[in-house]
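Novice: Could you put the whole structure together from the sequences, leaning on the hints where they help?
Note that the protein sequences, when read in sequence, are chains A and B.
Numbered by UniProt numbering, the letters in the first sequence go through residues 1 to 344 in order.
Numbered by UniProt numbering, the letters in the second sequence go through residues 1 to 344 in order.
Among the hints, erroneous ones may be present.
What the hints assert, rightly or not - Label-pair ranges, simulated between beta-carbon atoms:
| hint | chain 1 | residue 1 | chain 2 | residue 2 | range |
| --- | --- | --- | --- | --- | --- |
| 1 | B | 211 | A | 211 | 42 to 48 Å |
| 2 | A | 295 | B | 194 | 17 to 23 Å |
| 3 | A | 45 | B | 208 | 49 to 55 Å |
| 4 | A | 211 | B | 102 | 30 to 36 Å |
Claimed, not checked - Incomplete in silico selection of chain A near chain B, CB under 8 Å:
| hint | residue |
| --- | --- |
| 5 | 146 |
| 6 | 170 |
| 7 | 179 |
| 8 | 204 |
| 9 | 244 |
| 10 | 287 |
| 11 | 317 |
Think of the hints as simulated: they come from the structure by calculation, not from any bench.
Built from N, CA and C at the ideal position, the CB exists for glycine as well.
2 protein chains.
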Amino acid sequence: MKTYNVAIMGATGAVGQQMKDQLEKRKFPVKDIVFLSSSRSAGKEIRFNGKTFTVQEAKPESFEGIDIALFSAGGSVSEKFAPEAVKRGAIVIDNTSAFRMDKEVPLVVPEVNKSDLSLHKGIIANPNCSTIQMVCALQPLKEQFGMTKIVVSTYQAVSGAGIDAINELKAQSADFDNAKTADANMLPVKSAARHYPIAFNAIPQIDQFTDNGYTFEEMKMINETKKIMHDDSLAVAATCVRLPVVTGHSESVYVELKGAATVEQIKQAMVDAPGVELMDDPSNQVYPMPLMAAGLDEVFVGRIRQDLDNPNGFHLWVVSDNLVKGAALNSVQIAEALIDENII
Amino acid sequence: MKTYNVAIMGATGAVGQQMKDQLEKRKFPVKDIVFLSSSRSAGKEIRFNGKTFTVQEAKPESFEGIDIALFSAGGSVSEKFAPEAVKRGAIVIDNTSAFRMDKEVPLVVPEVNKSDLSLHKGIIANPNCSTIQMVCALQPLKEQFGMTKIVVSTYQAVSGAGIDAINELKAQSADFDNAKTADANMLPVKSAARHYPIAFNAIPQIDQFTDNGYTFEEMKMINETKKIMHDDSLAVAATCVRLPVVTGHSESVYVELKGAATVEQIKQAMVDAPGVELMDDPSNQVYPMPLMAAGLDEVFVGRIRQDLDNPNGFHLWVVSDNLVKGAALNSVQIAEALIDENII
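Specialist: Okay, here's the thing in structure tokens:
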């Protein structure tokens, strides 16, 4: 069996740690592995497949001999180092937004558009976490019934903002009676001018605002969904909201289909969809929730209802672990698909 | 100045306490007041306008001589006692769902449909909390531009489920590392078969499920909105979700208007709308959040954006205190409107 030299760039971050876990758990055919980070985290130790590795400061030459480089260290790091890795013969699977909308870069969720991988020119982009889980649930419906419109409102976990944001939620949650005046430094955006407590709150801002009043997170969901689904005519609207949830994004999704469908057909499509698990039994209070989805691989779908006014309209509740399928698992699945498709 | 004998039924509950606060704060012309409850809470003491009152167990004859009875003690209590109060000459303002969809009962948000009050036959219903704040924001848009469709996803606080639910959220929040296995007895519905932790979670069930897969909470939003707005042809869809927020409901609302509008026109309509406050300045990260809205009277609206595909589509983020405008304040405003309109 062929094995591969792998690099994880951003190895000490929340997603980087999950990438390592997924490589181990899925028995990815690793020949050798190198864990890379900024100088600040270099020197830390990481256990992988029973051995201890020391995290190294990333340099262009770190990518010599690397076959597959998994990046999750921020957009500017990807912009700087991904071309260096490609220059040295690696295929980069990038979990940042740096290259996602680049026409030369495939943006891939293997269950949805694996065939785009063959078009790569060295870099393959991993979509935004909230986009991935939504397209996993919706692509089967689009294929079977056609789709004209998506309106999504998200319920997103703080782990998407990193380990420091989780720690801030923990600290704020411990002081229930002073939530309003809690110390806040991380959210909605660490570098933003104003910060708000997330414990016992809902913040309708994820990432910075663009000029049109939408946030970058909302525009990512809109643009990435159209790119992954190969349909610029698909209407997509998003409102993205950060919640006091540690891990696991939830989405309230309204879709309008081209053709007629029944709730039973939608449910069957979810049962048949790869990577998706139907959790939908209202009479027994069965529906997905982020606290239960955390740590799991699947995209869970429940609360499937036909719209009461538009027979082609359907409502779904979609939950998945934003660090797993929303990031690390999807990146490793891309690497596996490269092998399956004989691209690497 | 004419003064009135007032009763509060359910005086020791979360909403009952707020009703008392609102009567004091707004200097409602109270002649005498009686605080009523079940036998379990009778005997407790309540301070009102500088005097101490003892809570009495409600009986039919408790309503003798009462002009206005504010009810918030559950639907079955309203079904039993509201007709007794009406029989004795009181006007009942009922905060439960018992009579809301009764054709003989006006369902009123004073800013929206005050004129319906004159049709009352003794009982006036206070709408569901999540409905009230939404129609306050949307009625001005419907009047100015016409409206064909509403799709709302809610982010609802636990205080809507009562004081015990708040205490459960507090207890669960204190044990951050064991959230998944936290003791849970109150939510989503106390009487339901299964309970889930709300801390660090999102539960897509509020109230029980109806046969069509929607919850009663969702059907309340759908049916009450059409009734209050006097428009059965208006398409309304709702997904209602409980969050680890103490007080303050948030709503991600998508509306389709009949006529063309601009974001500036929508903003101006919010500035002009009674009871509504525009909080919408993305460049300064200004938007409403439940933690900041708790305890305030207004319905706050922000994140106003034109849909990128449908020029008549708009997205709004609507936040208000579910115990205040969503319940107690609206009930007291109904009582004030009865006086203003010379109905009582």
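Novice: None of the hints should be skipped; say for each whether it holds.
Specialist: Right, here's what the structure says about each hint:
Residue 211 of chain B and residue 211 of chain A have their C-beta atoms about 46 Å apart, which keeps the hinted 42 to 48 Å range intact. In this structure the supplied range 17 to 23 Å holds for residue 295 of chain A paired with residue 194 of chain B, their Cβ-Cβ distance being about 21 Å. The hinted window of 49 to 55 Å between residue 45 of chain A and residue 208 of chain B holds, with their beta carbons roughly 52 Å apart. At about 49 Å, the beta-carbon gap between residue 211 of chain A and residue 102 of chain B misses the expected band of 30 to 36 Å.
Interface restraint check: residue 146 of chain A against chain B, minimum CB-CB distance 16 Å, threshold 8 Å, status violated. For residue 170 of chain A, the interface hint holds, since its Cβ comes within 8 Å of a Cβ in chain B; the closest pair sits about 5 Å apart. Interface hint status for residue 179 of chain A: upheld, as the beta-carbon distance to the closest one in chain B is roughly 6 Å, under 8 Å. Using the Cβ-Cβ criterion of 8 Å, the hint placing residue 204 of chain A at the interface with chain B is satisfied: the shortest such distance is roughly 5 Å.
The interface hint given for residue 244 of chain A holds, since its Cβ lies 5 Å from the closest Cβ of chain B, which is under the 8 Å cut-off. Taking 8 Å as the C-beta cut-off, the interface hint given for residue 287 of chain A holds, the closest approach to chain B being about 5 Å. Hint on residue 317 of chain A holds. Least Cβ distance to chain B is approximately 5 Å, under the 8 Å limit.
The earlier numbered hints that this structure contradicts are 4 and 5.
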